[in-house]
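Enquirer: Start from chain A and add chain B according to the hints.
Protein chains in written order, with the working numbering: chain A, 1 to 318; chain B, 1001 to 1446.
The set of hints was computed from the structure by calculation and includes no laboratory data.
The beta carbon of each residue, even a glycine, is placed where N, CA and C say it ideally should be.
Treat the hints loosely; a few may be bogus.
Claimed, not checked - Across the chosen pairs, the derived CB separations fall in these ranges:
| id | chain 1 | residue 1 | chain 2 | residue 2 | range |
| --- | --- | --- | --- | --- | --- |
| 1 | A | Thr161 | B | Asp1415 | 47 to 57 Å |
| 2 | A | Val301 | B | Glu1200 | 35 to 45 Å |
| 3 | B | Gln1087 | A | Tyr54 | 15 to 25 Å |
| 4 | B | Thr1237 | A | Gly77 | 35 to 45 Å |
| 5 | A | Leu162 | B | Gly1144 | 36 to 46 Å |
| 6 | B | Glu1441 | A | Val301 | 28 to 38 Å |
| 7 | A | Gly77 | B | Asp1110 | 28 to 38 Å |
| 8 | A | Leu85 | B | Glu1441 | 21 to 31 Å |
| 9 | B | Glu1200 | A | Thr176 | 45 to 55 Å |
| 10 | A | Ile257 | B | Thr1061 | 40 to 50 Å |
| 11 | B | Asp1202 | A | Ile302 | 13 to 23 Å |
Unchecked claim - Chain A regions said to be covered by chain B (calculated; three or more residues, Cβ under 8 Å):
| id | segment |
| --- | --- |
| 12 | 71-80 |
| 13 | 264-276 |
| 14 | 280-290 |
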Amino acid sequence: MALNDVATTPPTPATKKAANQRSSGTSRLHARERRIGLAFIAVPLVGFTIFTLYPLIFSVYASLTQWNGLGPMNFIGLGNYERLLQDEYFHKALFNTFYLMIGIPIGLILSLLLALAMNRKMRGTTFFRTIYYIPVISSLAAIAIMWQWAYNGDFGLINQTLAIFGIDGPNWLENTSTVKPAIILMTVWKGLGYSMLLYLAAIQSVPASLYEAAALDGAGALRKFRSITLPMVRPVTFFLVVTSIIGGAQVFIEINIMTPDGGPQFSSATIVWYIWQKAFDNLQMGYAASMSIVLGLIVFVITAIQFRLNARNSFSIE
Amino acid sequence: MKKSRLIHVGAAFLTATLALTACAGGGNADDDSKKLTFMFRGGEDEKKAYEAVIAQYEKDTGVDVEVIVTTADDYSTKLKATITGRQVPDVFYIAPGEVQSFVNSGVIMDITEHVEGSDVVNLDNIWQYGVDSYRYDGTVQGQGAIYAMPKDVGPFSMGYNKTMFEEAGIDIPDPDQPYTWDEWLDIAKKLTKDNDGDGELDQWGTGLNITWNLQSFVWSNGGDWLSEDGKTVTVDTPEFAEALQFMADVENKHGVTPSTAQAQTLDTYQRWMKGEIGFFPVGPWDVSTYQTLDFDWDLMPYPVGSTGEPATWIGTLGIAASATTEHPDEAIDLLLYLTANEEGQQALVDANIQIPNLIDVAEEWAAEEGAVPANRKEFLDVVQTYGRALPANRTYNGEWYDELFTNIQPVLDGDMTAEEYLKEAQPKMQSFLDAANADAEMSSVN
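Bound-form chain A, shown alone (with noise of 0.2 Å):
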């Protein structure tokens, strides 16, 4: 009803002069339609301040506290902190973390070349585009249970298809020196469709007129990837190096799934997976906290380092 006022309302001369004082800001009009963007702003800031700012802000104070999650917090202050500077577990498991980045790279250069393989001129590339993005719209639980039988020491398929080349295969999950690679080998498979295409999308999305004056130039097909199409997906790698490593600090259902106990010897256990094992399993909602904190500040300075490096960086082409 008021709207309608508004829009069938011919323009009056108050209403011109406030279109002109509109820079000022201190016409009525103006003021009115800055209270209702406010309160289209409030929404999403009521959000973000019940849903992340306050358990942000709550789980700062219970990393100072010893808590069980059930009863009251005892206020301890970095005592947390001190624990965890000294916990063989927490480095162990930060070590695994970083360790299991090494499949980042891995994934990064196969979809790359996947990539540029799909963007050929070829028949069965939408065919082979949808099998390599199948695993990532599939659920993360139904894959690791699925690559958990893949590695099944008896049974699993890849020990069986090893078998046929006489080699005899690990039981891989339950091996220290395997597990890793293992679990590896599953997260750049799921990852790598999602890559791909964002790849392949940024390889199209390179004019066609670069590499038409490089060939003038007599640049072969090396040199052209190397000076133009890589120079021209960075932005790409960069968003995918990025969301990566704050995935990959974040593991735990893959973990949690093919190795529930930690793996053999704690050799696959990942800080999250720590971090729920200390809150649900032995009552230290509060450690549990203070180790949720480190691994955000982790997080945070080398995304930190990123975007600097990034920066740094910023190319042109020749």
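Expert: Same frame as chain A, but now just chain B:
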């Protein structure tokens, strides 16, 4: 005009926030009919049995019971979520290891008076071990006020494949005369063989799991995890080391179990059910599944170490009532119905998922002719004479206990002796235990 629009926007905004808060605070609607929620966990058989018992209870009392079932793995997480969300079910399962923290945090109700004053419950007729598991006086668990009633007790007994014994021409174990470790090992060696002649073993004497069987060997050898007062970790004693070494040797040196790799591929539980294993532990919860095995099996006492006495652990789960329930009387009534009512118990026992909670019913049950297993009495012997609580049950958390098993694989692989390993593990376990005890103290001050 301006005002009306602002009101519109404001109203929309308010509605949105109200909807949000309503989500958080909902579910407390109270109408006239009394409604309880009961949360528990279990497999299909257990679920069906409990649903039938609850349906009977609803019919008898007119109280409406909403049942929430989870899988065993999810239970603890979900229960904790209901507690932090202040939506605690009125009646729910609780493990003995949770009693201290739940009592300290005011989650569960002290039901001592109701149990002692009830006409349904005769405490003398319920396994003392079960009830004591849920007693807590504020410092020591096992004595003082009652906070839950045992839903069951789960004696972790030892079974054997009778058919395999007969085929090998070995006398079946005497239920009253336990084997020594050496006698037991000898038989296990005789049972380990290659039946189909392909050069690979396909039948083994036993297949034990360190996490669930070490207790029996340690206790029977005179060792233990904790000192009397629960303040010192005592895994670095020679008795303890000898027991752990024996278990490691059984697999490694004597080769009477599937190898670690074989066990991980197809766990020994599956191999036992396929009839490939001679001695294997059996709990009451296994009995319904084992009814359909295509070989004969029975129960026997555990082999004995230097004390000459068999030992094993008894599991238990309890049923507690929320301290904040709106209908305390009905909640306690339901709790007692599920744990101590004769008809309720009978239905659960008939489903083959537990041994009877009531001693007189249990004795009748054990004497039943033609039952499988024939030696049901072994279960009762465990409960009454040689079973104990798992070591972590009486501590504030199980971190110290889990620590022993996290890095134990080198011992089982023979890369490290038990003695070396336990020397290393003791200080780490001790510091976890100290931390747990400090946590317990801090949370009980309030």
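Enquirer: Next, verify each hint and record whether it holds.
Expert: Against the structure, the hints:
| no. | hint | in the structure |
| --- | --- | --- |
| 1 | Thr161/A to Asp1415/B: 47 to 57 Å | violated (30 Å) |
| 2 | Val301/A to Glu1200/B: 35 to 45 Å | violated (54 Å) |
| 3 | Gln1087/B to Tyr54/A: 15 to 25 Å | holds (20 Å) |
| 4 | Thr1237/B to Gly77/A: 35 to 45 Å | holds (38 Å) |
| 5 | Leu162/A to Gly1144/B: 36 to 46 Å | violated (59 Å) |
| 6 | Glu1441/B to Val301/A: 28 to 38 Å | holds (37 Å) |
| 7 | Gly77/A to Asp1110/B: 28 to 38 Å | holds (34 Å) |
| 8 | Leu85/A to Glu1441/B: 21 to 31 Å | holds (23 Å) |
| 9 | Glu1200/B to Thr176/A: 45 to 55 Å | violated (26 Å) |
| 10 | Ile257/A to Thr1061/B: 40 to 50 Å | holds (42 Å) |
| 11 | Asp1202/B to Ile302/A: 13 to 23 Å | violated (52 Å) |
| 12 | 71-80 | holds (count 3) |
| 13 | 264-276 | holds (count 3) |
| 14 | 280-290 | holds (count 5) |
Checked against the numbered hints given earlier, the structure breaks hints 1, 2, 5, 9 and 11 and satisfies all the rest.
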